[in-house]
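Residue numbers (our numbering), protein chains in the order written: chain A, 1 to 450; chain B, 1001 to 1292; chain C, 2001 to 2273.
If you are wondering where the hints come from, they were derived from the structure by calculation, not from laboratory data. Among the hints, erroneous ones may be present.
With a Cα cut of at most 30 angstroms, we get these calculated DSS-like pairs of lysine-lysine [said to hold, decoys possible]:
| hint | chain 1 | residue 1 | chain 2 | residue 2 |
| --- | --- | --- | --- | --- |
| 1 | A | K199 | A | K237 |
| 2 | C | K2102 | B | K1200 |
| 3 | A | K391 | A | K301 |
| 4 | A | K209 | A | K140 |
| 5 | A | K237 | A | K428 |
| 6 | A | K315 | A | K185 |
| 7 | A | K427 | A | K317 |
| 8 | B | K1200 | C | K2096 |
| 9 | B | K1210 | C | K2102 |
The structure displayed is predicted, hence computed values, not measured ones.
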Amino acid sequence: MERDAGVRIDRRRFLQALAAVGVATACGPAAAPSATPSGSGTAVAKPVSIEWWRRNYTPGSQTAETVTSDGAVKGFRARNANYTITIQGGPFGPETDQKFDIAILQQKAGPDVFHTTGGDVLKYAAAGQLSEPPLSAAEKSDFNASALTATTYRGKVVAYPLWIVPWFEYINLDLFKERGVTPPKDGNWTYEEFLDAAKKLTFKRADGKQIYGFAHANDEFAFMLIDGGRLYDTAVKTWTFNSAEAVSGLERWVALAKEKVMPPDFLTLNPNDSQARFISGEIAILQRPSAMINVLNADAKWKYGTNWDIANFPKGKTAQTAWGGVGFIAVREQADADKKTAAHVFAKYLTGPDIGPDLKAMTPPIEYWLAPAARTSAAGIYGEYHPAKAKVAKMGSFTYVLPNVSTWSEIDQKYLRPARDAALEGKKTAKQALDEVAPTAQKLLDEANK
Amino acid sequence: MRAALRRHGWSYLFVLPTFSLFVIFTLLPVVQAFVLSLQSARITGGDWVGLANFVTLAEDPVFRQALGNTVLYSALVVAAQLTLALVVASLIQPLGRQGQTFYRALFYLPLVNSAILVAMVWRWIFNPNPYGLANTVLGALGFDPLLWIGSSDQALAAVILSAVLTIPGGGVVLYSAAMGSLPRELYEAAEVEGAGPLTKWWYITVPLLKPTTLYLLVIYTILAFQVFERVYVMTNGGGPNNATITIVQLVYSTAFQFGRYGLASAMAVVLFLMAVGVAVVQFRSLRSDVEY
Amino acid sequence: MSSIRTRLPVHVVLLAAGLLSLFPLYWLFLTSLSPTQYVVKVPPEVVPRELTLGNYQRLFETTPIVRWLVNTVVIAGVITAFHLLFDSMAGYAFAKRRFPGKNVMFWLVVSTLTVPAQVTLIPVFFILRTLGLLDTYPGVIIPGLADVFGVFLMKQFIQTLPSELEQAARLDGASEWQVYSRIILPLSKPALAVLAIFTFNRYWNAFIFPLIILRDPAKYPVQVGLATLQGEFNTDFGMLMTGAAVAAIPMIVVFFAFQRYFIEGIRVGGVKG
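Start from the sequences, fold in the hints, and give me the full structure.
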């Protein structure tokens, strides 16, 4: 079934397109419409239209994804007026992932370019559905190394890393002041200092309100990495998450549970819950990725530097580490060479250094990057949006990105998380919990590597 | 042959629209799914593996946990829901017309909420913090707060409680509708013989309601076996340490998140066999040729 | 008949139970009127401190909620209407008529109720694709007509109607269709009303199926539309709850429209109240 991926400009987009051209001509040299994105050979001058699939895009709404996507199309068309881009959205969640899967894997039709995360990349690559990005050596070295590894399938890079989302600690400065705890200098602290702070920050006020030192969301592996524990060996062939380092990391986490510095429902907090608790002032230190910065900035009661700040992951026995996630832009392998080339040009724009400044220059300015870019040359602008983001931008160098394994979701949700829960509840020792999971995890890893 | 058609033609005509759509959009997909259970299918298709998926399930401790949880949940919740629906509808029935209308609306209205929303409220009620509603009530009664959904020991109990403590508006409405059709004469006759309200209820109402009871029993059991959204929202999928994992939750994650359609279909087959087995027993016990 | 006094404990119990069950709905509307945006208050306030229409404003100004509601009314309405007809027809046949293959058909129908929808989702998707019905309203509506809860319901109810009525009608010269339409159907009003309410409710809340089948956001029904308000990073909860509150209203309307049919029962002897 072929969808008509042709020009579907409704009136709104038509006006936007006109405006984009108008902006381009009015701004003079800053936005010359010649094809400047490098590397993919000569730009196609004839009109090409491609389809972009973006989760959470809802035309007409004001969600961050919608605003930045519309802006991205506008910015791109200002530079490449012969391209038309239609965006297909869907609510964030596994059902939409399903929908994408069905289109890409089963129908071998669908988007020309699309967002993807984690293990999906490998799934699509294994089905031969991804077109290899034409990246020069210079471009490759511009990308974050572990992000590139995460999108390497059988030795070939199969998608463009878009952004890296590091996890770090949000700290409530008011609570720190109230208890006389000094916030970590430059955001650096060891695990011992962190635990000490968390203990001091767990207290009951005179009015009966209970404050807890620390909280996190239930989908994390937090401290299991800080002593050097890693899920796999470098070849991603052996499961190593029951190593002494991983066990030690889990024990550090269990210690937090034993000291009761976390709220009693810490095993049930989903990301939104954990955020809500921090905002209501019940949690002194919250471990979350960069998205909460926007939420805090939007709230009049929270002033960066006065009420809140951010700090790095506590440091364990090894070098500074942080847990991180990656988003990718992928281009579908297809027969239509023009569309494929166009899709690569667009993908490079979406992940490259030009899009940030382009969108910042629009009226009103759009903050395109929702997390630090995976390309060093594009990363700077994220820091320019806000001083907290400037700190986050520096975390890329030590953020550990999980290598992608197609069976990871199953290992994680079905086996590893319950094992973690059992240890945190005190039902099993850390070593027991991780040892029990290891054989099953290895089996699933083998399957992914088949 | 033609005589048979003439005799039964209308019958087939009456079932034709529903049944033909059923065959295309339900039966065929179910058969396909069952066929899939014999393959190692991921979304791109797979190889035939015979009963290997079922062996995998039998050996999977997580699936066994899900089975156990689902059966326990179903047994308790269905019994509670059926009883509550019958009792509440019976309490409403003797009231005047205005009373009936008011209460039916009162008990039905909660159903307009999406199940997800209701589960969110229960999630908050069973919040492990001392300010969670359940804990506040416990505190007022002088007890210590419990961990509820925050503990792998208590989470399943919390989920079951949330279902048992909900008045099933659908069942109330259905029983009400059925009770409205019951013939008055039987009751009048009984009253003449000196029967009190409880006697009338037990010996006339309840037996006459057998068809409705059977329907509700079968449907509630099927729905309970398929419990998913409530658990998903209240306990983020499987609860701490898989304490609340259910069969359909596992089907969902196995199919949609892990991409193993063959295995997920095998789970559905197991669920199917269980549920049909139970339904057969239910039909046998509540068989009735009641007309009124 | 009985005085209010003897009924008082009954009223107290019923009221308490009913109001408790209504609590989620109350909380929903309360949150929609509170100044929440990204954060739902934890713990939620039971008595509101501040009321505002800001969420409603944002909902109607920045999302196509009206479009979503219209779509859902069309989808759920059409499905319900067809179910009222088809399910009563099939229910009547299963309840009152004998024909070869009846038991097999009935058991096929009931046994497939046990299969969770997640499992048949993808096969149905491919059937619709073959029929060219992907991303169309019929593609969402037609599979909805294949769901068989209603047939089971109608069968159980119609089974209780006295056979004499049909026989009498036939003796009077009524055709088979007239027996169905003039005798069975009017007497089944309470069951039909229940069926209408349940079916409308079920399809009003449909989410996964329309999500997978539809691509054009202009066709999204309300639950899919509301799901798109959830962000990868942030969610405007105030607007989401408000959307859910707005979405609850048509179902309340449908309930009140149909529930008066419950009172109309039958009495043996054929005299309708």
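Right, here's what the structure says about each hint:
Pair hint K199(A) plus K237(A) does not hold up; C-alpha atoms about 39 angstroms apart against a cutoff of 30 angstroms. Of the pairs offered as hints, the one joining K2102(C) and K1200(B) is violated, with about 35 angstroms between alpha carbons and a cut-off of 30 angstroms exceeded. With a C-alpha separation of about 21 angstroms, the suggested pairing of K391(A) with K301(A) holds against the 30 angstroms cut-off. A C-alpha spacing of about 52 angstroms is found between K209(A) and K140(A), which places the hinted pair above 30 angstroms, so the restraint is violated.
Among the hinted pairs, K237(A) with K428(A) is consistent with the structure: their alpha-carbon atoms are about 27 angstroms apart, no more than 30 angstroms. Of the pairs offered as hints, the one joining K315(A) and K185(A) holds, with about 13 angstroms between alpha carbons and a cut-off of 30 angstroms not exceeded. The suggested pairing of K427(A) with K317(A) holds, with an alpha-carbon distance near 26 angstroms, which does not exceed 30 angstroms. Proximity of K1200(B) to K2096(C) is assessed by CA-CA distance (about 28 angstroms); at most 30 angstroms being required, the pair is judged to hold.
For the proposed pair K1210(B) and K2102(C), the alpha carbon gap of about 21 angstroms is at most 30 angstroms, so the pair holds.
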